[in-house]
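Peer 1: Going by the working numbering, the first sequence opens with residue 11, and the numbers climb by one from there.
Derived by calculation from the structure, the hints in this document are not laboratory data. Treat the hints with care, since some could be wrong.
What the hints assert, rightly or not - Per label pair, the in silico range of CB-to-CB distance:
| id | residue 1 | residue 2 | range |
| --- | --- | --- | --- |
| 1 | S284 | D76 | 45 to 53 Å |
| 2 | I123 | D76 | 18 to 26 Å |
| 3 | K108 | Q494 | 49 to 57 Å |
Think of the CB as a built atom: it goes at the ideal place given N, C-alpha and C, for glycine as much as any other residue.
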Amino acid sequence: MKVVAASLINSLKGTFFTATCFRNPFLLVLQPPSAIQTILLAPFHSDSASNHHSHLTMCQKITKLDHALQLFDQMTQRQPLPSVVKFNQLLQSVTKMKHYSCSIHLFKQMTAIGVPVDVYTTNIVTKCCCQMSCTSEGFAVVAYGFRRGVDPDVYTFSTLLNGLILEDRILEAERLFKKLIKGKLCEPNVVMYTTMIKGLCKVGINDTAIGLLRLMDEKGCKPDVMTYSTIIDSLCKDKMIDDALKLFNEMILHKGILPDVVTYSSLIRGLCSSGDMRKAKEIFDLMKVRGHVPDVVTYSSLLNGYCKKSKILHLFHEIMEKGIKPNVVTYNTILQGLFRVGRCKDAFELFKEMQSHSHIPPNAITYRIVLEGLCNNRQLDEALSLFRMMGENELNLDIVAYTILIDGASKCGKPDITKVLFNELNTKGLNPDVRTYNVMISCFGREGLVREAKELFLQMEERGCPPDCVTYNVLLKGLLKNGQHDTIEMLLQKMDEQGFSVEASTCSMLLDHISSRSLDGSLLKLIGKLVPKEGKEAPCIDR
DNA sequence: CTAGGGTTAG
Numbered sequence: 011m012k013v014v015a016a017s018l019i020n021s022l023k024g025t026f027f028t029a030t031c032f033r034n035p036f037l038l039v040l041q042p043p044s045a046i047q048t049i050l051l052a053p054f055h056s057d058s059a060s061n062h063h064s065h066l067t068m069c070q071k072i073t074k075l076d077h078a079l080q081l082f083d084q085m086t087q088r089q090p091l092p093s094v095v096k097f098n099q100l101l102q103s104v105t106k107m108k109h110y111s112c113s114i115h116l117f118k119q120m121t122a123i124g125v126p127v128d129v130y131t132t133n134i135v136t137k138c139c140c141q142m143s144c145t146s147e148g149f150a151v152v153a154y155g156f157r158r159g160v161d162p163d164v165y166t167f168s169t170l171l172n173g174l175i176l177e178d179r180i181l182e183a184e185r186l187f188k189k190l191i192k193g194k195l196c197e198p199n200v201v202m203y204t205t206m207i208k209g210l211c212k213v214g215i216n217d218t219a220i221g222l223l224r225l226m227d228e229k230g231c232k233p234d235v236m237t238y239s240t241i242i243d244s245l246c247k248d249k250m251i252d253d254a255l256k257l258f259n260e261m262i263l264h265k266g267i268l269p270d271v272v273t274y275s276s277l278i279r280g281l282c283s284s285g286d287m288r289k290a291k292e293i294f295d296l297m298k299v300r301g302h303v304p305d306v307v308t309y310s311s312l313l314n315g316y317c318k319k320s321k322i323l324h325l326f327h328e329i330m331e332k333g334i335k336p337n338v339v340t341y342n343t344i345l346q347g348l349f350r351v352g353r354c355k356d357a358f359e360l361f362k363e364m365q366s367h368s369h370i371p372p373n374a375i376t377y378r379i380v381l382e383g384l385c386n387n388r389q390l391d392e393a394l395s396l397f398r399m400m401g402e403n404e405l406n407l408d409i410v411a412y413t414i415l416i417d418g419a420s421k422c423g424k425p426d427i428t429k430v431l432f433n434e435l436n437t438k439g440l441n442p443d444v445r446t447y448n449v450m451i452s453c454f455g456r457e458g459l460v461r462e463a464k465e466l467f468l469q470m471e472e473r474g475c476p477p478d479c480v481t482y483n484v485l486l487k488g489l490l491k492n493g494q495h496d497t498i499e500m501l502l503q504k505m506d507e508q509g510f511s512v513e514a515s516t517c518s519m520l521l522d523h524i525s526s527r528s529l530d531g532s533l534l535k536l537i538g539k540l541v542p543k544e545g546k547e548a549p550c551i552d553r
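Could you build all of it, start to finish, from the sequences and the hints given here?
Peer 2: Rendered as structure tokens:
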């Protein structure tokens, strides 16, 4: 058993230790395997930590993190040292506050002063690495522990599995999962199965996820409400509401598992996104009848459904009345709803209010919503001045925000502003992505700048940003609009090769040009191939 | 003292 574990960890080292990530100076375990030991055992050169504490007393407001750090310092100076359990509790409290790099930093200090670590310690620290999207370093921590006699357990492996899934390393997650079972390294339990199921759902293979649900049941590992909710949510995201409801019923009626607020919220969101507000409200009322209290996520989901139908706001009052604290998502949802119905002033008021009254700082998504809302309501100037006021921070250095403004300027008939913004990307060190290019090519098409549109199209491949289905469609439309027919056939052929399809609007333009004889009728066959089949999703529509 | 599920978004 131990030998198998050792070989597993060794084989994992090869796979996982290659990627290193130095994004955080505190992440001292971020080193290739050969260096792990030296680094972890190296004396810690105290920098901020001790100085930090000397002026702590001068701070008016001492955060909980400061308390924890102070306590840690005291603990390390005690003779004899407190038990590892005390250290674990402290590490866990720091981790619960999401100060992951701090936890890792403390762990490093623990090892440096010789506090013996146990499986709880390494599991907590492994989780910190995973939560920071540095799962490979999580493996390093596990290997470090293993060399000191700390055997990984089902908690360890579930944590690592979850880390891989968080980083979209699904193949590695599957490999690990299978290896654990084959090598009998640990008996998977409901948590581990649920984690693997989430991974499968995340890459959109719901069938396989359901297969694993059946398998765990067969193996005598009973799925619980979280297992079912994971799959139900994924089905809802894929608009397979009927299957989700089927599983929901199975869970309750056949398995005797009661749904909770998360299960209900997923269903409500699914029904909302498929436009069935009546059923969404029905489930919402039902959960209340059954004694479940909707939380901020439930309300935000329902609110979003109403906003998408341009019906809003009585629900917001209900949230306030119930004493539920709206969060940034709630605000973002309402902001978008207000812009959608053209209530820019109210939106702007709310935008200010969330910061002053509720002390909820807007995030990148908030700004995107506000910028797009203003552009859509033909208030380009306001959008631009807001954007300029945001300053040179991370919210301003956002390619999505730029793309929104570039598109907004173009649609508001200001191609000059479009070009200025696009050129600014270079100076800011931002790379246009495929959607930025699409917006630009569309803009050039609109302005009759065919040469520029073609140039950008060619640039995309060179810059490692290959055109997508939308690119081809906007370029085609630009060419057709400007009477450039020479490259149409070639583009259509390329689309065929790539499995892209023509949108309805592109298709009707093509047909118009054929009937007016500016395009050859022989193209019809090719166009026919590129029209998405009835009932099938067009491949260019994102999942 | 350790692991798993749900909200906004060009």
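Peer 1: Look at each hint and say if it fits the structure.
Peer 2: Going down the list of hints, with the structure as the test:
1. Between S284 and D76, the C-beta spacing of about 48 Å keeps the proposed range 45 to 53 Å intact.
2. About 20 Å separates the C-beta atoms of I123 and D76, a value consistent with the hinted range of 18 to 26 Å.
3. A hinted range of 49 to 57 Å for the beta carbons of K108 and Q494 is consistent with their spacing of about 54 Å.
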